[in-house]
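Enquirer: Produce the entire structure from the sequences given, and follow the hints as far as they go.
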Amino acid sequence: MSEQTVDQEYIHVPILVDVPYRFDAGKYMTRFLVELRDNEKIYGIKCPSCKRVMIPPRIVCARCHVKCDEWVELSNEGTLEAFTIMYFPMTDPTTGKPHDPPFSYGSVKLDGCDAPIDHMLNIEPDMSKIKVGMRFRVKFRPREERRGDLADIEYFDPIE
Amino acid sequence: MTDRVAIVAAAKTGFSPSRSDANYSELAYEVIEKVLTETGLTIGDDIDNSISCSHDIWDGQTISNIGITDVIGGHLRNEEKMAMDGSTAVYYGTIAILSGEYNLTLLLAHTKMSQTNRNIVNNDAFEPIFSRKLGLDYTSAGALQATRYMHVHGIQRDQVAKVAVKNLGNASRNETAHNFGFYSVEDIIESPVLATPITQKEMAPDTDGAVAMILASEKAAKKITKNPVWVNGIGSSYDAHYLGDRDLAMSRALEQAAGRAYAMAGIKNPVKDVDVFEVGEEFAHQELMWYEGLGLCEAGKGGELIDSGRTLFEGDIPVNPSGGLLGGVPANVAGLHSVAEAFLQLRGEAGRRQVKDAGVAVVQGQSGHCGQHHCVVVLGRD
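Same order as they appear, the protein sequences are chains A and B. The numbering used here applies: residue 242 is where the first sequence begins, and numbers increase by one. The numbering used here applies: residue 1455 is where the second sequence begins, and numbers increase by one.
Hints were generated in silico from the structure; no laboratory data involved. Hints may contain errors.
[Claimed, not checked] Using 25 Å as the maximum straight-line C-alpha spacing, the simulated SDA-like pairs for lysine to any residue come out as follows:
#	chain 1	residue 1	chain 2	residue 2
1	A	Lys308	B	Ile1520
2	A	Lys370	A	Lys308
3	A	Lys268	B	Gln1515
4	A	Lys268	B	Asp1510
5	A	Lys338	B	Thr1516
6	A	Lys308	B	Thr1496
7	B	Lys1587	A	Asp259
8	A	Lys268	B	Thr1570
9	A	Lys268	B	Lys1587
10	B	Lys1722	B	Arg1801
None of these values were measured; they are calculated from a predicted model.
Expert: Here it is as structure tokens:
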């Protein structure tokens, strides 16, 4: 019944229009991005109830359902919690260009924060050279290149 | 099992063409905080179900509720998202409470139309192979609907424009509306044409905002407020997706949805039994069509009804005293806003747009091009 014959034609219709967006960062993330861009500082937000320090900063602690308003400056150094070496060319949505594989992504928990931040690792993409628990430091882009988005962090550098 | 479901609180953000000061979560929390504070309820101890209404392509996020689960109380617990008009959130929330599974349900609808392109988002709502290539969107499809509707029933141009005159005037009494003014029929017809016959003043404008609401079982409602508003009837119905499969001059799906909601609420004659209507007119001509679908007049007589003045704020069957969608309400949020407006009317809290002695209200929400889906909610006081 469902056998396909070799001479059966099936048509596929391409649609190339993309949906453009311009996302509003809002109050909390605007402050975070301004500190990042102008002062090379990374801020977390502390829940007044459970005291955990969250990144990205946000209006409500999901666990306690209370409003957060205590800003905490985080260290530029932290510990690698997880990583992967990427072998396919992930597209950077802000540039539309792919990252060249292989490269490594990592989740680094900055000192003073209870959650990691995910970014590129400036390290040879070799499983024998990257370990969970390694220490990394934030590398900011030069001031003139910083635009007020997460790419203002260029990558994490391993601390020798 | 609970016998009845009530609305115990509702709040809306200020609506504007761009709320660039707030991201989705901040916009949502603005109204969630209000309804929780007003009722004294908390997410942790009281609210046991959350339903949000938003749209992936409008939001630019696959599964658009995942960005707001923290503010709506969906962390490590249940949260349901629906992607149709906000009135449908009331429909599902009511059913969930009637099932006996939940007691107190937080509803939220949010959209920021400013962040993307309405034509492209709405073009994506069309089936891709046969319909999307033309670049059809809700406005161009709505224009086909308007032309067909006007042709079949002999509806006059000025009768359509009168809907905009009425609603933009009504919106001047609604503190959250951003599109309002006192215009003549000529002002409406002479505003820039978007797709004949629809002009700019006859289309709901791009808007950012959110609405939150709390639904309660009868037992819970009576503990929370002395002034609950009861959900007495709900109905929902889909028409065909392809425009060619529909009779664009008629509102068959709305007739079905209204029939179900009226039967549940015991409404026999909506003209006599209902005091106020809030409907989802994305375009002016649709309000005339929705009159017909809601049974306020016979099919094809929407033009005569607006001529009669009975649907004016001062009339005996006021429709859209809030100014409706033309006053500026975001897509998706629309129907929840209409229910919130009806809630205020029935509580006597509608301020300068208060309809005298409003005891029964009917809300109609719609989604999809040319109103493919309709949801009708009948609300009443004790």
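Enquirer: Compare the structure with each hint and give your call.
Expert: Evaluated hints:
{"no.": "1", "hint": "A:Lys308 to B:Ile1520", "result": "18 Å, holds"}
{"no.": "2", "hint": "A:Lys370 to A:Lys308", "result": "41 Å, violated"}
{"no.": "3", "hint": "A:Lys268 to B:Gln1515", "result": "20 Å, holds"}
{"no.": "4", "hint": "A:Lys268 to B:Asp1510", "result": "22 Å, holds"}
{"no.": "5", "hint": "A:Lys338 to B:Thr1516", "result": "21 Å, holds"}
{"no.": "6", "hint": "A:Lys308 to B:Thr1496", "result": "13 Å, holds"}
{"no.": "7", "hint": "B:Lys1587 to A:Asp259", "result": "14 Å, holds"}
{"no.": "8", "hint": "A:Lys268 to B:Thr1570", "result": "20 Å, holds"}
{"no.": "9", "hint": "A:Lys268 to B:Lys1587", "result": "39 Å, violated"}
{"no.": "10", "hint": "B:Lys1722 to B:Arg1801", "result": "23 Å, holds"}
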